[in-house]
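Chemist: Okay, here's what each chain looks like letter by letter:
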Amino acid sequence: MSLKMTILHPEHKHLNARLVEFGGWDMPLHYGSQLEEHATVREDAGVFDVSHMTCVDLRGEHVKNFLRYLLANDVEKLTVPGKALYSCMLNEQGYVIDDLICYYLGSTFYRLVVNASTREKDLAWITKHAQAFDVTVTLREDVAMMAVQGPTARDKVHSILTETQQEAVSALKPFFAVQTDDLFIARTGYTGEDGYEILVPEQKAISLWKQLLAVGVKPIGLGARDTLRLEAGLNLYGSDMDESTTPLESNLRWTVAFEPTQRNFIGRAALEKQEQHGVARQLVGLVLEERGVIRNHAKVIMENGEVGEVTSGTFSPTMGKAIAMARIPVTQSTECLVELRGKPMKAYIVNLPFVRKGKVLITSNGVA
Amino acid sequence: MTHEKIPSELKYTESHEWIREDDSGSYTVGISEHAQHLLGDLVFVELPRVGDSFEKGDEIGVVESVKAASDVYAPISGEVTEVNTALPGEPDLINKDPYGAGWMFKISPSIEHEIEELLDHEEYAKIAEE
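If you read the sequences in order, they're chains A and B.
Taking the numbering used here, the leading residue of the first sequence gets 1, the next gets one more, and so forth.
Taking the numbering used here, the leading residue of the second sequence gets 1001, the next gets one more, and so forth.
Straight-line Cα separation of at most 35 Å, DSBU-like style, residue types lysine-lysine; simulated pairs:
1. Lys13/A to Lys1005/B
2. Lys83/A to Lys173/A
3. Lys128/A to Lys273/A
4. Lys173/A to Lys128/A
5. Lys1005/B to Lys4/A
6. Lys4/A to Lys1096/B
7. Lys343/A to Lys1096/B
8. Lys1056/B to Lys299/A
9. Lys4/A to Lys83/A
10. Lys346/A to Lys1056/B
11. Lys204/A to Lys83/A
12. Lys1096/B to Lys218/A
13. Lys83/A to Lys357/A
14. Lys218/A to Lys1005/B
15. Lys13/A to Lys121/A
16. Lys1096/B to Lys299/A
17. Lys13/A to Lys1126/B
Stretches of chain B that chain A covers, calculated by requiring three or more beta carbons in the stretch to come under 8 Å of a beta carbon on chain A:
18. 1041–1048
19. 1066–1077
Derived DEER-like restraints, expressed as beta-carbon distance ranges:
20. Asp1052/B to Ser2/A: 46 to 52 Å
21. Ser1053/B to Gln93/A: 57 to 63 Å
22. Glu1117/B to Arg341/A: 24 to 30 Å
23. Ser1053/B to Ile206/A: 53 to 59 Å
24. Glu1014/B to Lys13/A: 27 to 33 Å
25. Phe258/A to Glu1014/B: 56 to 62 Å
Think of the hints as simulated: they come from the structure by calculation, not from any bench.
Every residue, glycine too, gets a C-beta built ideally from N, C-alpha and C.
Put together the whole structure using the sequences plus the hints.
Modeler: The structure is reproduced here in structure tokens:
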């Protein structure tokens, strides 16, 4: 089976990107230096091709009720057009099918952006449940998606917009989106920095990409995307949660709207039961003081001998240390051991995130 | 700084180390351009200690990138006489200049002519292309 390519693929080749397979797509890992790209997003502005992600438009008279049933977070909170929220989509057992962002665009129109690797699964699930609510589900394969992130990102994007477009976006608050001409611009992101995620018709994608590069926005690959999001404490579906974990054990309880109690959503009963019994595991941050990189699936050994597992491990360029997310038994401990190349090494257990808006939140002894 | 991918005056191992004979009769060792390219940006480097002895093929160091950790092997048997102390603080010297400023350690051979068993640049080029 050959790999899928986004509309920007020729640009990545032209820029000599190191291409790798991701979720069935041929994507840029980096364009020369992953560490430099990471620093660029923390200090300046970078652009990611995220056209492999999945955009689904939902329309219908009952679309709001549908989403209040489908999603663990409550779209009732989206009271102003353009407002968005982050939510998990659960199955009946309370396990996570995917995480996504939901945009409220009108009384009969919402947009979901879901992950690349879960596209088929998500579409089947959404379509199946949409039927009872008479909601039409449209996969938007005609749009490309780019994320421009960093402290100078918004200014640089503004510099390539028309006056009307600038007016539309300059008042955008975080987690709000607006459609201006053929650009859908959302003040959202996956890096812990400010910026925009932009949906653009496919045939205009390359031109937009080139315009961004021309004003000094640097191309950023998936390698840096992963170190940036991990520093920012943002979960990656498939690593930090999957269909064997609930949001309660994935540091995502805050995304589940248990109130109002009358709202029934898929997975609600299972989560309530889990809370009643006591949630046994939690997703935490780990920081390694010593030299080395924490790897996915590494064993975590607690002070009482119980074990946990690293769900996402990497090196934090901003901190100069190895960091990880790990699923461990619920604990009061602030230290544990992590196996690195078979050797147990001391790590600090910390709250996520590690870094926000470029600032390190963790002090030298691992405590926030 | 050499910009050649596989300098012709060096010898190579199948595990992507390079070795160069110095004037003094000792040898300098590092990892190849191909190796650093595969690993990506390096974040940690473990070097041997000066005075330690190794046999050809022993694990003598580690290079670690965000992506993977890789053992470095002794290309010849001998005693480590010097290590590149700039590397632990600046592991990306290996990425930027793998045959120059990114050198890892110097070794004084304990077995004569062992270096002749290694690959020349043409033989290594075949491996690096696979």
